[in-house]
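Enquirer: Sequence:
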Amino acid sequence: MPESKVRALDTLPTTEALLVSDGDARIALDPLTGLNKYGCPVVPDPDLLDFASSTATVISEAGFAAAWQLREKRLHQSDTESLDDFYAREMQRIREALLADVADLEPRLIFAVSGTDAHFMIARYVARSTDQPLWVLMVEEAETGSGVAAALSTSFDTPAGRVLIDVLPLRTSQGAPRPPAEIDTDASARVQQAIASGRHVLLVMVDQSKTGMIAPSPACVMQLHRRHSGQLSVLVDACQFRLAKDSLRAYLQQGFMVALTGSKFFTGPSFSAALLLPQGATERAGLRVFPRQTTTNGAPEAVHPDFTLLGLLLRWEAARVEIQRFRALPKAQIRPMMAAFAEAIQQRLNDDPHFEPLFVPPLDRRPLVTVQSWDQIQSIFPFVLYRLPEGRGRAERMPLSREETLQIYRQLQVSEGSGIGVRRCRLGQPVVCGSRAGVEVSALRLCLSARHICDAAGGAGLSGVIDDALVVLDKTAWLIDKSAGSL
Numbered sequence: 001m002p003e004s005k006v007r008a009l010d011t012l013p014t015t016e017a018l019l020v021s022d023g024d025a026r027i028a029l030d031p032l033t034g035l036n037k038y039g040c041p042v043v044p045d046p047d048l049l050d051f052a053s054s055t056a057t058v059i060s061e062a063g064f065a066a067a068w069q070l071r072e073k074r075l076h077q078s079d080t081e082s083l084d085d086f087y088a089r090e091m092q093r094i095r096e097a098l099l100a101d102v103a104d105l106e107p108r109l110i111f112a113v114s115g116t117d118a119h120f121m122i123a124r125y126v127a128r129s130t131d132q133p134l135w136v137l138m139v140e141e142a143e144t145g146s147g148v149a150a151a152l153s154t155s156f157d158t159p160a161g162r163v164l165i166d167v168l169p170l171r172t173s174q175g176a177p178r179p180p181a182e183i184d185t186d187a188s189a190r191v192q193q194a195i196a197s198g199r200h201v202l203l204v205m206v207d208q209s210k211t212g213m214i215a216p217s218p219a220c221v222m223q224l225h226r227r228h229s230g231q232l233s234v235l236v237d238a239c240q241f242r243l244a245k246d247s248l249r250a251y252l253q254q255g256f257m258v259a260l261t262g263s264k265f266f267t268g269p270s271f272s273a274a275l276l277l278p279q280g281a282t283e284r285a286g287l288r289v290f291p292r293q294t295t296t297n298g299a300p301e302a303v304h305p306d307f308t309l310l311g312l313l314l315r316w317e318a319a320r321v322e323i324q325r326f327r328a329l330p331k332a333q334i335r336p337m338m339a340a341f342a343e344a345i346q347q348r349l350n351d352d353p354h355f356e357p358l359f360v361p362p363l364d365r366r367p368l369v370t371v372q373s374w375d376q377i378q379s380i381f382p383f384v385l386y387r388l389p390e391g392r393g394r395a396e397r398m399p400l401s402r403e404e405t406l407q408i409y410r411q412l413q414v415s416e417g418s419g420i421g422v423r424r425c426r427l428g429q430p431v432v433c434g435s436r437a438g439v440e441v442s443a444l445r446l447c448l449s450a451r452h453i454c455d456a457a458g459g460a461g462l463s464g465v466i467d468d469a470l471v472v473l474d475k476t477a478w479l480i481d482k483s484a485g486s487l
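Going by the numbering used here, the sequence shown opens with residue 1, and the numbers climb by one from there.
Quick caveat, the hints were computed from the structure, so don't treat them as lab data.
The reader is advised that the hints may include incorrect statements.
With a straight-line cut-off of 35 Å between C-alpha atoms, the simulated DSBU-like cross-links for lysine-lysine are [said to hold, decoys possible]: (1) Lys245 / Lys73; (2) Lys73 / Lys331; (3) Lys73 / Lys37; (4) Lys482 / Lys73; (5) Lys331 / Lys482; (6) Lys245 / Lys331.
Taking CB as the label site, the calculated pair distances span [claimed, not checked]: (7) Arg335 / Ser435: 57 to 67 Å; (8) Glu390 / Glu16: 43 to 53 Å; (9) Arg366 / Met398: 33 to 43 Å; (10) Arg226 / Ala65: 45 to 55 Å; (11) Asp131 / Glu81: 40 to 50 Å; (12) Arg410 / Gln333: 28 to 38 Å.
Heads up, the beta-carbon is just placed ideally off N, CA and C, and yes, glycines get one too.
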């Protein structure tokens, strides 16, 4: 073997190591469990029933194979092409694949390590592009990415003054969603207040939140954007990436910036984010230069040509495989499958006294989008857990506390006993959602992903996917009953 190739093999980390590099402690593997903070290993786990795409999903065999092949490609080209050139070319290939549905709009796509970093980057650059101090209006952290508020609240002063963060609640103290009209009225009043005080507003709307909400409504945000042109910038937090092509195009056509990740609905590895900027937004937001700087968690804030982040490249390559697979499905096939899945899960959650489904408002993007599409179907199903006292009915059930819910969430991933206990399962991490009967509670989330839909269309059948989801709920109820005396 040539000496140069031996050096390359010695210096290029394994696929497994690369997939957990260029991030922060959240994707580092626990040496005892082999899992990251999100409960995912770095290698495929085909026996796991994984319905946790609102948080993170274990990498698929196809995704891991694509990442491995890309690393092999680099090894074989190490003698003929610099690492920086290889990285730039392969990132451009992925960029073009992601932009395939909106290429005619000529947006700019900037890769970022995480959704949190994307938010921080946009806030900082918008703040520095205006002579007015910046006011960021965003939804509550319980409904958006963990750490977003903290990242945006990090002291980064601008010549115009300190950036202020204003948080918009989406749910009541009991966990019920606030009426959309009430959220819109609240958001409008806060924007008016900020602009009246001489500030430029960065309005961060979410589509969809951790529990599947859109807020403020597209109609409200469009109206505010028109009314306060030049004084308000809009970032759509679509990091769940539960968006059809028409919705994504419509946001860009409105002049809104959009944050995406490949690691939620599309089930790529965690820490693969991107910003889509419509024509003109780059200059308006001051996004001309990306210096070598890092966010507060130590990860590079954005992917500039000076950065060569092979971990990010391999994670996006794994996500690209899942995205391309989903895009190849006939549109007419996707919506009916999602609707049938939603009906089955909602019925089970309503019928089983162990669960209280959280209401999720309809996914209404009018007048932004009026055509019917798959992204109008609910795919995140949040629910609170209840213990049933022996011999008593639904009316006397008791809610599990946040700590008890967290224990159930963790136990789902462990194989124990026999029967239903043997199955290993994953749900979306608990989300704080108020209190019940004086007990502070959290909701688990069962989520339909693009991978589930592709598996159903590719031969597994929708009934198989639904059956797997019901098994996850069966085990959740079993764990509640089993742990009644020990929680």
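Enquirer: Would you mind marking each hint as holding or not holding in the structure?
Expert: Quick rundown of the hints versus the structure:
1. Lys245 / Lys73: holds (31 Å)
2. Lys73 / Lys331: Between Lys73 and Lys331 the Cα gap is close to 33 Å, so the pair holds against 35 Å.
3. Lys73 / Lys37: holds (30 Å)
4. Lys482 / Lys73: Violated, because 50 Å separates the two Cα atoms, which is more than 35 Å.
5. Lys331 / Lys482: Violated, at roughly 43 Å.
6. Lys245 / Lys331: holds (11 Å)
7. Arg335 / Ser435: 57 to 67 Å: Check failed, 36 Å falls outside 57 to 67 Å.
8. Glu390 / Glu16: 43 to 53 Å: Holds - the Cβ-Cβ distance for Glu390 and Glu16, about 47 Å, lies within 43 to 53 Å.
9. Arg366 / Met398: 33 to 43 Å: holds (41 Å)
10. Arg226 / Ala65: 45 to 55 Å: For Ala65 against Arg226, whose Cβ atoms are near 47 Å apart, the range 45 to 55 Å holds.
11. Asp131 / Glu81: 40 to 50 Å: holds (45 Å)
12. Arg410 / Gln333: 28 to 38 Å: holds (36 Å)
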